[in-house]
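**Student:** Fit chains B and C to the given chain A structure using the hints.
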Amino acid sequence: MLTFASDFGSPYPAAVKGVVLSRTDARVVDVAHDLPRQSIRGAAFWLREVLPYFPPAVHLAVVDPDVGTERAAVVLRVGDHALVGPDNGALRPVARRLVTEQVGERDDPDAFVEAFEIDYVDPASTTFHGRDVFGPAAADVHEAGVHDVGSLDRVHPVETGNLVDHRLPTAAVTGDRAEGEVLVVDDFGNVITNVPGSFIEDAGVTAVTVDGERVPVERSFAAVEPGEPLATVGSHGYVECDVNQGRGDEAFGLSPGDRVVLGRERDD
Amino acid sequence: MLTFASDFGSPYPAAVKGVVLSRTDARVVDVAHDLPRQSIRGAAFWLREVLPYFPPAVHLAVVDPDVGTERAAVVLRVGDHALVGPDNGALRPVARRLVTEQVGERDDPDAFVEAFEIDYVDPASTTFHGRDVFGPAAADVHEAGVHDVGSLDRVHPVETGNLVDHRLPTAAVTGDRAEGEVLVVDDFGNVITNVPGSFIEDAGVTAVTVDGERVPVERSFAAVEPGEPLATVGSHGYVECDVNQGRGDEAFGLSPGDRVVLGRERDD
Amino acid sequence: MLTFASDFGSPYPAAVKGVVLSRTDARVVDVAHDLPRQSIRGAAFWLREVLPYFPPAVHLAVVDPDVGTERAAVVLRVGDHALVGPDNGALRPVARRLVTEQVGERDDPDAFVEAFEIDYVDPASTTFHGRDVFGPAAADVHEAGVHDVGSLDRVHPVETGNLVDHRLPTAAVTGDRAEGEVLVVDDFGNVITNVPGSFIEDAGVTAVTVDGERVPVERSFAAVEPGEPLATVGSHGYVECDVNQGRGDEAFGLSPGDRVVLGRERDD
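Protein chains in written order, with this note's numbering: chain A, 36 to 303; chain B, 36 to 303; chain C, 36 to 303.
Chain A extracted, bound-state conformation (with noise of 0.2 Å):
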């Protein structure tokens, strides 16, 4: 199995799964190509979120906010699976959750992480990455078998620590208080925010004030009415901002990457 994420909208994809099947009879699953495209965060988060829900597949995942410049290409192995995409950070989160996944959890995840560099030679400036080194790249890591990705020509072994990284940001929770900063926002307007769930699943916690507005916290969204604001633990396990049967973003004026402050009250 072959999965494909990208930030590459439409038809663009398409070519990409046209060069991959010429080189693959592998089933191909397409996982999004909406992904957020100026945003290493975004992505990253999104590719965490999705692709460990997957059986061992090969991971072709380009968002590339500097495409057209100079940096590798790199294979992830971890276990069975493989992600395939450029250096920049975006495959460094959702490899370490498939270790943890694939392996259990660990100090120190990045420790089995396999990583290699795939040699290409880019002489023209037409090249699209995706199409022309990324896809091809991904077929033949499906067709050499995950565990041989070192056995295809134009692949090195490399540290995995001497890679781009990127860590998605961390809440700081003192007592009441929660620091955190929006991770990403849904195509639905929902806000994501980096504070663990943990936070308002405290027996007790009936609301909670967000940068100083206060809004209550519900399980689901029908516990409000229609188009009021609350506050709930989504799917990912963290604290987000919603309004039901509207846009969270534009009722808190949050966007990602903001910061945000969360106090939580109890029902005493």
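Hints are computed from structural coordinates only; laboratory data are not their basis.
Over the 12 Å line for every Cβ pair with chain A, so calculated as not near, a few chain C residues:
1) Asp143
2) Gly288
3) Pro291
4) Gly292
Some chain C residues judged to face chain B by a derived CB distance under 8 Å, without partners named:
5) Gly44
6) Lys52
7) Phe163
We treat Cβ as the ideally placed atom computed from N, Cα and C, and that holds for glycine.
**Tutor:** Below, chains B and C without anything else, positioned relative to chain A:
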């Protein structure tokens, strides 16, 4: 074959597909992931109009305005098809349509729909029901076989009549007047009403009034100038209020659920 | 393999896929369903740029501004590829490109395109040609085999030269001046002209004027600051007018079909 329709946008459906493909080798076909979000009616319409074109399959169809609240997960079996989703009525019209297609026109099509409930535990507020309940259930139904749904653990038969139902409204036609409703607006702005096409297919009908405004009745958009309105019979068999190379919803000021009164005019 | 490209949006393509999968077990690959709707030129461009990357396949490609009017349904065979769609010219440029790829550069590529017409009856205004005519035809071509199209009922050979043609316009280059046209704007706002990349790839070309406005010529977006315009050679081999992390169409005020005059400047 397993089809998958939802209101999940992007990239949430990919996590569901990952879960499904971890449990079955079935061919998975995306139907659409932009079904109307807050409208059982709109979702029910599209599912009914699209799914019957597929060969026998397990249809995972999750449109879920009440996500997070208590509602059962159900399987509806009709002939060689199975529908899997929340018990909110959205699956009922397509189930009846499948009866017509698989069994034949019947006075009580619901009698030919076999229903099952899927028990699930929902301990955490972080549950994403599509990924954690409905996706696995659809994969399991596929693996068990549509005719052996009842053999699955956590699945038990229920009375179809006890499930939530939703009936698409029907229009009232009296002489040259039809009182109906807008069922959906498609993503090109075509306004699909529930007035049967036969209302304007009669020989000699050259125009209709739509809430009093007179527009020509045509067989194709191209019969009127770009930007001009028309009424036509769409591919669903209903009267549509459209604009050639434009948006009917804006020109007619009509939205899903709006009442609409048509008066037909004959060329004498 | 059967690829499927259209301007049908969502969820209409799913009904077509259902029909296709009822007739063939072929692998079905979505190309795009948001091809330009009212523009044969735009659709012809994307089909030509994308489909040749696929391995031999039946390509169902329905872009149909004249839907509902009389136009033939055609199959174009080029080597091991077959193209199925309406006879409106949109398939002709990709057919010629496939000749170049499959047969080689030829003075008269159309001579290497074998054409067939598909007879269909269209009794009802409720016909959705993608679902009711082109989809079934593509599936049948796949089942018959690309080299046995002529054996199908309702299919008869026609002269390629008698079909509707569409030729993508070519730019006129005179010295340091190119007069061209905007072919398409991609969904990131990049303005793709028909001026060949060679116009600015010459050593020493550091800037072009676009309708009089001077912008730098760069190999990558990242060479200019975010929000700044540039000219570059895109992956299609044409000059594009783009903005780093922004929309070129808005910055340059250019739309598909607009005439554009480029003047190149050399660094002496």
